[in-house]
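Residue numbers (numbering that gives the first Met the number 0), protein chains in the order written: chain G, 0 to 397; chain R, 0 to 291.
If you're looking for bench data, these hints aren't it; they were derived computationally from the structure. Hints should not be assumed to be uniformly reliable.
Result set (DSS-like, lysine-lysine): computed pairs, CA atoms no more than 27 Å apart in a straight line [said to hold, decoys possible]:
1. 196/G / 253/G
2. 387/G / 297/G
3. 253/G / 57/R
4. 166/G / 145/G
5. 382/G / 253/G
6. 68/G / 382/G
7. 196/G / 166/G
8. 288/G / 220/G
9. 329/G / 166/G
10. 374/G / 57/R
11. 268/G / 57/R
12. 166/G / 374/G
13. 145/G / 382/G
14. 171/G / 382/G
15. 222/G / 141/R
16. 268/G / 141/R
17. 253/G / 145/G
18. 145/G / 96/G
19. 220/G / 141/R
20. 288/G / 387/G
21. 297/G / 57/R
Read off the chains here:
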Amino acid sequence: MKPLRASKGIAFLLSAAILASFIGASSRTAGAADPIVIGATVAESGAYAVDGKYALQGYQLYVNQINAKGGWLGRQLQLKIYDDASDGTTALTEYQKLIQQDHVNLIVGPYSSAITAAVANVADQYKMPMISPEVASTAPFKRGLKYIFQGTATSDRYVAGAFAIAKQYGYKRVAITGEDTAFPRSIAAAVPDLAAKAGVDIVFNELYPHNASDYTAVVQKIKQSNPDVVLGISYFPDSVGILRALKQANVVPKELFFTIGPAEPNFGKEVGGDANGVFFSTNWSSELKTEGNVDFTKSFAATYGVPADYHAAQNYAALQVLGAAIASAKSLDNEKIRDFLATHQVETVVGTYHVDANGQQVGFDSLTGQWQNGKPLIVYPTKYAQAKMVNPFVWASH
Amino acid sequence: MHPELVVQLIINGLLLGGVFALAALGLNVIFGVTRIVNLAHGQIIVLSALTCAVAFQKFGITPIEALPVALVAGAIIGILIERLLLRRLPEHAQSREWASLLITFGVSYFLVGLSLAIFSGDFRSVAYLTTSWTVGRIDFPKAQVLAFSLAILIAGILAIVLRSTKTGRSLRAASQNLDGARVCGIDIGRMRTLSFAFGCGIAAASGALLSMIYAVNPDTGSQFTLVAFSVVVLGGLGSYAGAVLGALLLGLAVSFVGFYGNTHLGSMMPYVVFILVLLFRPSGILGKPATT
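Next up, chain G with everything else stripped away, as it sits in the complex (with noise of 0.2 Å):
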């Protein structure tokens, strides 16, 4: 009976400690001076670790810089985070208790297109203006959503460039694969108009699990289907795994794109000189000339040591699009602000915030970027291009 008693044990601690979560919720009560704090899920674990770290450092680096000239309407922020473990479901929770115990002023979105479309609803059912600065898909954005905003560019912008270049150079046959999740889906779902309108053929079409680890398989049809351009839609552990799975099976494309993989700063150092030729998509650089960006760029340098990425540069955005909104309602009223958001046109670190109807961004734009001897630079469209493009590609000898 030992083990029973054992069990017994632990929920009653379990349920102490719920209890005791409870009590402390309840007593705390909203004052003038109090800060205005923010709430908002981040992949702090799992699977989107990585970018989720940069989203985080995005929000974080913009309540620092605010706090020390002064808050917002004469008050501090604090931002209330925690780790959804990559995972919708777990977000969700988080969200309601973010909003029903921890009662936040203000929420904010998480990371990733999958996350956001498991916790976009909790916006409209608590009548709370949430701007999303890491959902590229569009698909919460079809919801008919009140209170949602997308703080991103839209997916279809990512792959742009990689049909403009396949049209530039003259490449006629593409193929195709990517994470089976929320964003990349509705990447893939964009691909076959930009295909069409730059004279491209899909020769291969074929999504991969979450969480696959080999690429052999995939990557061996992608051989039979002969592409002159590769393009995957993946994230960051996954363009590691397909690029090795293509020098392994001996495939030379002469355009290597991967959506947002390469994008951060540490690929080159994990693919090495494979890296080299090629092609990303980012939607922030360095090089932009927008509101606050040189600063931004510097103190982010500053503060965490290592250059900042795009999650980094568009979280930050959406700090710097709700300060306008609050500036605009001199108050933290849900309504004028869903309105400013709504209806307003801010100028930001990654471009100029401005959405339709739905809540759907048709103000930032996606950058390509290429790696070029050990370095990420913008190489189109051309008004952003830190250096020419570098075609074909070919592998390092390694």
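Based on these hints, arrange chain R on the given structure of chain G.
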């Protein structure tokens, strides 16, 4: 259908099987002697792979050079887990198997936390031996060939050690009949420690090679444990030849189903096989039916 393509798929499958086998052998050694499923197995692989990645990027030490160090370091971790934690469980308590599962589960979370603290959540990988040898039109990826060879080598050495040395025979005796072995004067505690040293050492050695094949972060450990467990169940718990054979069959299944079906079905194979084996041949391909 091109015959060359089929040959390539067979090679891919066998090499992937070699990788699976390498990941699974350490788990099997520990189970064979102690009847403990070491749930921290994958985390030891990942901890080793992450360390090798940093050693390569910072100091230019290749995973091959790091392999002996990984083997010894893994063995020490194994000894610590057995001596400090598992040794304290009461010998004949019915709850022993459950308690050991919970302990190794706890160790796995400790190692995830430790890896996160040291290496952060970043994915890491070693850009070394990334090319293939090409014979005719068939590609043999170097890193996978190496992993495959090491798996066969380790399995071979284990088989010889277990058959032909006194320590090996004692290990086998301990795995077959605990009380009988003890009556014959075999130090059971020492055998258990030894099996953890072997098992975790092999896990860490495999981590060194797997760092050239996969991008890993501290959260990917449980995937290795799952695949290793499926391989071991398929081959027969405690059977080394069975584990290698099971791994190769699984690799072939993933390669062919992934190509002719799709990657979703391919990724399901370890778990489909796992359930089928439990239903129709619970002792595995080469495992002996359980006797208690």
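To see whether the hints hold, each was checked on the structure:
{"no.": "1", "hint": "196/G / 253/G", "result": "holds (20 Å)"}
{"no.": "2", "hint": "387/G / 297/G", "result": "holds (25 Å)"}
{"no.": "3", "hint": "253/G / 57/R", "result": "violated (32 Å)"}
{"no.": "4", "hint": "166/G / 145/G", "result": "violated (39 Å)"}
{"no.": "5", "hint": "382/G / 253/G", "result": "holds (24 Å)"}
{"no.": "6", "hint": "68/G / 382/G", "result": "violated (34 Å)"}
{"no.": "7", "hint": "196/G / 166/G", "result": "holds (9 Å)"}
{"no.": "8", "hint": "288/G / 220/G", "result": "violated (43 Å)"}
{"no.": "9", "hint": "329/G / 166/G", "result": "violated (49 Å)"}
{"no.": "10", "hint": "374/G / 57/R", "result": "holds (18 Å)"}
{"no.": "11", "hint": "268/G / 57/R", "result": "holds (10 Å)"}
{"no.": "12", "hint": "166/G / 374/G", "result": "holds (25 Å)"}
{"no.": "13", "hint": "145/G / 382/G", "result": "violated (35 Å)"}
{"no.": "14", "hint": "171/G / 382/G", "result": "holds (26 Å)"}
{"no.": "15", "hint": "222/G / 141/R", "result": "holds (19 Å)"}
{"no.": "16", "hint": "268/G / 141/R", "result": "holds (20 Å)"}
{"no.": "17", "hint": "253/G / 145/G", "result": "violated (44 Å)"}
{"no.": "18", "hint": "145/G / 96/G", "result": "holds (21 Å)"}
{"no.": "19", "hint": "220/G / 141/R", "result": "holds (21 Å)"}
{"no.": "20", "hint": "288/G / 387/G", "result": "holds (19 Å)"}
{"no.": "21", "hint": "297/G / 57/R", "result": "holds (26 Å)"}
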